[in-house]
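Student: We have chain A already, so just place chain B on it with the hints.
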Amino acid sequence: MDYLRSSICFNCFNNVLCMKSFTRHYVLQRITACILLALVPWFLWKLFFLKDLTHLEIIKNIGNLNSALLLFIMLISGFYHGYLGIQTICIDYIPNPKSRIAVVFIVRAMFSILSVFGIFSLIQLVILK
Amino acid sequence: MQKPLSPHLQIYKPQLTSILSILHRLTGLGFTVGLILTCAWLYALSKGPDAYGNFCSWLNQPFVKAIIYLILASVYYHMLNGIRYLVWSLGKGFELSSVYSSGWIICALVFVLTVLTMCFV
Chain A
1 MDYLRSSICF NCFNNVLCMK SFTRHYVLQR ITACILLALV PWFLWKLFFL
51 KDLTHLEIIK NIGNLNSALL LFIMLISGFY HGYLGIQTIC IDYIPNPKSR
101 IAVVFIVRAM FSILSVFGIF SLIQLVILK
Chain B
130 MQKPLSPHLQ IYKPQLTSIL SILHRLTGLG FTVGLILTCA WLYALSKGPD
180 AYGNFCSWLN QPFVKAIIYL ILASVYYHML NGIRYLVWSL GKGFELSSVY
230 SSGWIICALV FVLTVLTMCF V
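If you read the protein sequences in the order shown, they are chains A and B. Read the first sequence against the numbering used here and you will find it ends at 129, with the numbers running on by one and no gaps. Read the second sequence against the numbering used here and you will find it ends at 250, with the numbers running on by one and no gaps.
By construction, these hints were calculated from the structure, which means they are not laboratory data. Think of the CB as a built atom: it goes at the ideal place given N, C-alpha and C, for glycine as much as any other residue. Please note that a few of the clues may not be correct.
Stated by the list, open to error - DSS-like, lysine-lysine: derived pairs with alpha carbons at most 30 angstroms apart: (1) K60(A) - K46(A); (2) K176(B) - K60(A); (3) K51(A) - K176(B); (4) K142(B) - K194(B); (5) K20(A) - K221(B); (6) K176(B) - K46(A); (7) K46(A) - K129(A); (8) K129(A) - K176(B); (9) K51(A) - K142(B); (10) K194(B) - K129(A); (11) K60(A) - K194(B); (12) K20(A) - K98(A); (13) K129(A) - K51(A); (14) K20(A) - K129(A); (15) K46(A) - K194(B); (16) K176(B) - K194(B).
Claimed, not checked - Computed footprint of chain B on chain A; a stretch qualifies when at least three of its residues, placed anywhere within it, have a C-beta under 8 angstroms from a C-beta of chain B: (17) 27-41; (18) 76-82; (19) 103-110.
To be verified - Cβ-to-Cβ under 8 angstroms is the rule here; a few derived chain B residues that face chain A: (20) L152; (21) R154; (22) F160; (23) P178; (24) V204; (25) G211; (26) S218; (27) L219.
Excised from the complex, chain A in its bound form (with noise of 0.2 angstroms):
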């Protein structure tokens, strides 16, 4: 059973039909790096331009469609990559198979809270421009 419709299978973990679930996690994981590797630095060097402008300007700015595309894009990816991360430590570290279900339960339900939440702002971001 894929607990969770994660990709990491944590109930048969040394079953070779769990193998598709590594890939797809080792794949997921380099593809979000990728378009992270392009859109961080992105972000960081219009962090270091916006830093001087008025609430507004910035609205202008970031509101704007492309920006707000990218910014949609490079949050999702984020929080995917993190999640996927963290649900990597959890397996290395974390015995118990229950426990470690729980814990990526509830890392994956914050993840998406923290996500809807940011994309809920950049909508309404838009919106004002």
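Tutor: Okay, now just chain B, sitting in the frame of chain A:
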């Protein structure tokens, strides 16, 4: 069947390779805190000039500023070391000398980038 656990951190004799690997995970957490801060920044922006002003004054407190520099250092390290991991995923750079030299290069780059950020931002 249970999956065997990874060796716990205190088992390792400190060496550059293990320290950089442990740091990659720790800085990943720093990266996540940075993302949460980004969400808070977007929220403050969407709530109007007053809320944004309050958020900025909170960010300008010395303690918070120090934490932000720490988060930035984490982001730099996680990104640069992430490139190293991606290169390894391609099956390159596994020779011990390359592993050590790339590790030291990353440490130096993180230091330079963090100092530059502290000077100019």
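Student: None of the hints should be skipped; say for each whether it holds.
Tutor: Hint by hint, here is what the structure shows:
1. K60(A) - K46(A): holds, 13 angstroms
2. K176(B) - K60(A): holds, 14 angstroms
3. K51(A) - K176(B): At roughly 18 angstroms apart (the allowed maximum being 30 angstroms), K176(B) and K51(A) satisfy the hint.
4. K142(B) - K194(B): violated, 34 angstroms
5. K20(A) - K221(B): Distance of about 24 angstroms is within 30 angstroms: holds.
6. K176(B) - K46(A): Holds. K176(B) to K46(A) sits at ~21 angstroms (cutoff 30 angstroms).
7. K46(A) - K129(A): holds, 18 angstroms
8. K129(A) - K176(B): Judged against 30 angstroms, a Cα distance of about 13 angstroms means the pair holds.
9. K51(A) - K142(B): violated, 43 angstroms
10. K194(B) - K129(A): holds, 29 angstroms
11. K60(A) - K194(B): holds, 26 angstroms
12. K20(A) - K98(A): holds, 22 angstroms
13. K129(A) - K51(A): holds, 18 angstroms
14. K20(A) - K129(A): Violated, because 44 angstroms separates the two Cα atoms, which is more than 30 angstroms.
15. K46(A) - K194(B): holds, 18 angstroms
16. K176(B) - K194(B): Measuring from Cα to Cα gives roughly 22 angstroms; hence the hint holds.
17. 27-41: holds (count 7)
18. 76-82: Our answer is that it holds, as 3 residues pass the Cβ test (under 8 angstroms) against chain B, meeting three.
19. 103-110: Violated: only 0 residues of the region 103-110 of chain A have a Cβ under 8 angstroms from chain B.
20. L152: violated, 13 angstroms
21. R154: This interface hint holds because 6 angstroms falls under the 8 angstroms limit.
22. F160: holds, 7 angstroms
23. P178: Cβ of P178(B) sits 4 angstroms from chain A, so the hint holds.
24. V204: holds, 7 angstroms
25. G211: With a closest approach of 5 angstroms, the G211(B) hint holds.
26. S218: holds, 6 angstroms
27. L219: violated, 10 angstroms
When each numbered hint is compared with the structure, violations occur for hints 4, 9, 14, 19, 20, 27.
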